[in-house]
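There are 2 protein chains.
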Amino acid sequence: MEKEREALQAWKERVAQELDRVVAFWTAHSHDREHGGFLTCLGRDGRVYDDLKYVWLQGRQVWMYCHLYSKFERFRRSELLDAAKAGGEFLLRCARVAPPEQKCAFALTRDGRPVKVQRTIFSECFYALAMDALWRVTGDARYQREATEMMDQVVRWVREDPSGLGRPPLSGTLAAEPMAVPMMLLSLVAQLGDHDEALAGRYAELGDWCAQRILRHVQRDGHAVLENVSEDGRELPGCLGRHQNPGHALEAGWFLLGYASRKGDPALRAHVIEKFLLLPFHSGWDPEHGGLFYFQDVDGLCPTQLEWDMKLWWPHSEAMIAFLMGYRDSGDPALLRLFEQVAEYTFCQFRDPDHGEWFGYLNREGKVALTIKGGPFKGCFHVPRCLAMCEEILGALLSRLA
Amino acid sequence: MEKEREALQAWKERVAQELDRVVAFWTAHSHDREHGGFLTCLGRDGRVYDDLKYVWLQGRQVWMYCHLYSKFERFRRSELLDAAKAGGEFLLRCARVAPPEQKCAFALTRDGRPVKVQRTIFSECFYALAMDALWRVTGDARYQREATEMMDQVVRWVREDPSGLGRPPLSGTLAAEPMAVPMMLLSLVAQLGDHDEALAGRYAELGDWCAQRILRHVQRDGHAVLENVSEDGRELPGCLGRHQNPGHALEAGWFLLGYASRKGDPALRAHVIEKFLLLPFHSGWDPEHGGLFYFQDVDGLCPTQLEWDMKLWWPHSEAMIAFLMGYRDSGDPALLRLFEQVAEYTFCQFRDPDHGEWFGYLNREGKVALTIKGGPFKGCFHVPRCLAMCEEILGALLSRLA
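Keeping their order, the protein sequence lines are chains A and B. The numbers in my numbering rise by one with no breaks, and the one at position 303 of the first sequence is 314. The numbers in my numbering rise by one with no breaks, and the one at position 122 of the second sequence is 133.
Bound-form chain A, shown alone:
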């Protein structure tokens, strides 16, 4: 027991120190003091190499700063709150392509003009995430109204009528459900309903629906999680149907652990640990070089994505959260050992001891393939979220032992 306590304490210190360094990197380099919002295309040393603003990453950084500000005494700094508010105002002012319609851009110029629109729901979801987080730290009801209005629009696109997303209906397109959609909505349900009985009640049915939808991605008689299934929960033909993303399954795993814990459902928790934590880890971990593959084909065929065998930062961040949360909720020491295995690999391979933050993209062998610290898909989110959540969980575990 004492040995376990020491291990948890050591990880807590390591993780907390790293969180400080990572937050320092983003506050030093990413704030746009002219237009608000965040510059996320940052080179190894934090230098801005492009000033496009990606709406996913704007919303995520607002959420992250609000989370740090409200949950960590040492981050209760006006610098973070002011930057979060400036990011939120930038989104309010510029994210929508054609206000009052709710469709948001994917990328904006530095001063907020739309550059690219995706025909999906994710910009809008991260917009809602940011607004809800701002409402919680500022108490400004305008932000909450923005969050719920956007949330309700997203739910209508997903469950009623997707035509507003702009995808033309084509007769050959399979009605496929990417796991990302119910995952994203489940995380929003958790965010919006957190300590808010009215909203928790309002979105309870949606949360159940999301969880059931995610669970249907367990296929092949329970032996595999597939990224895409049919609308009625069956395996799809071809590459699309065989596609796997181990890091994404692990992320879904910890979303579902949160759901099982809110529901008080230990049978679901055990199922999730087996199917969404252990299964993707054992099939997705590279036995030769370590690390999680980015993509796989469930039949062991070669994926068509050029980056399939690369090691990306975010699946490893998600795996750290998933195993530590699984350990917290189940007490199974095997999950703590898996957390340590993933965390050792991650700290050793992704962390940049010279300039702070983590590299995002390694080749299969673990060599840094891209030296950027931020880009169109990497911002101030997965790394600090992982470190903050691990610090919180480790703190709770240590309190439990004390």
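Because the hints were derived from the structure by calculation, they are not lab data. Mixed in with the good hints, there may be bad ones.
Heads up, incomplete: computed chain B residues facing chain A, CB under 10 Å, no partners named [what the hints assert, rightly or not]:
{"no.": "1", "residue": "D61"}
{"no.": "2", "residue": "D62"}
{"no.": "3", "residue": "A118"}
Calculated from the model, a selection of chain B residues having no Cβ within reach of chain A, i.e. all distances over 12 Å [said to hold, decoys possible]:
{"no.": "4", "residue": "R224"}
{"no.": "5", "residue": "H234"}
{"no.": "6", "residue": "E242"}
A quick note: this is a predicted structure, and the numbers were derived from the prediction, not measured. Virtual Cβ for every residue (Gly too), placed ideally from N, Cα, C.
Fit chain B to the known structure of chain A by using the hints.
Coordinates of chain B only, in the frame set by chain A:
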């Protein structure tokens, strides 16, 4: 001179033998005898791993078979002609998303229902390429009418009104010209005008326009070819403006060599060799492991594309054509040596001695990263086009020496 003749003769035999093997791979594995058209998602041994049909690759394989049928005595086989016609009929029947409108799908189900539409001109261009090639081998005027009607629509989209492509106008989007657009049109001008005085005349001004547009991608006081420039020929800001694709520049190089040769313009030829052959080769060739990088940043910053340092088959195929054509047109032996350097690397790294055809995707060190022989972007095109053109050029060079 005798040594040179021997070297050319040896390459001609090597290339011709390889062409036979490559054509045998596609005829054995890719013909869809039920619906017409081609299955291009083929594993290492030719096994079909997905049956989606990609319109670019359908059109390209039709063109390739027609080219082989008409230019090589040993490929004048009904098997190739019948497959080309079946592919052409499949395109006529299924490529258009909403006939009589000309917009074509990017991907179709095996039986021809649209799955995905790109908001670009390339499906339509490869459709026109296929139809023109079929007209030449069959004499059926229907195919020529299809080719010119599609060509004229594409030109209207590019030069007059892009709204039919479906891209919403956004206030922050830079009016950028990807080099692919004038390149694609220049190759169509060459195809449609080949031995056809009427069409050559009809598209002469367009050909000049394309060549001038491509030449404007030489930037930085003549020191770099950039993939994207503004509509008025200036460098664009950010990653988009700094983006380079050495294999694409080399491909543009041999398109322009053909143009310079049709024009009888030796000054242009010299300019093209310097800017589109030598410059991209010297900046794009990996000094450490050999091979051409896929993407680069002109300032030496890290590209944001995960695959930037991979070695892909097609830039190497294009480089082989470019250097051999440059040698044929200029007589400069340095270009023959570069052809040999690229061709040795290519035959050694990409060729699969066990199952035929070439691997498409190597990591930076030259290890096979994807074992597929065909996929959404690799079909029966770059490899056999390279081998066929090299065989033809080597034959012409040997005749000149005889």
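So, going through the hints one by one against the coordinates:
1. D61: OK, holds: B:D61 within 10 Å of chain A, min 4 Å.
2. D62: Given a least distance of 7 Å, the restraint on B:D62 holds.
3. A118: The hint holds - B:A118 has a Cβ within 10 Å of chain A, the shortest such distance being about 8 Å.
4. R224: At roughly 23 Å from the nearest Cβ of chain A, B:R224 sits farther out than 12 Å, so the non-interface label holds.
5. H234: holds (20 Å)
6. E242: holds (16 Å)
In summary, this structure violates none of the numbered hints.
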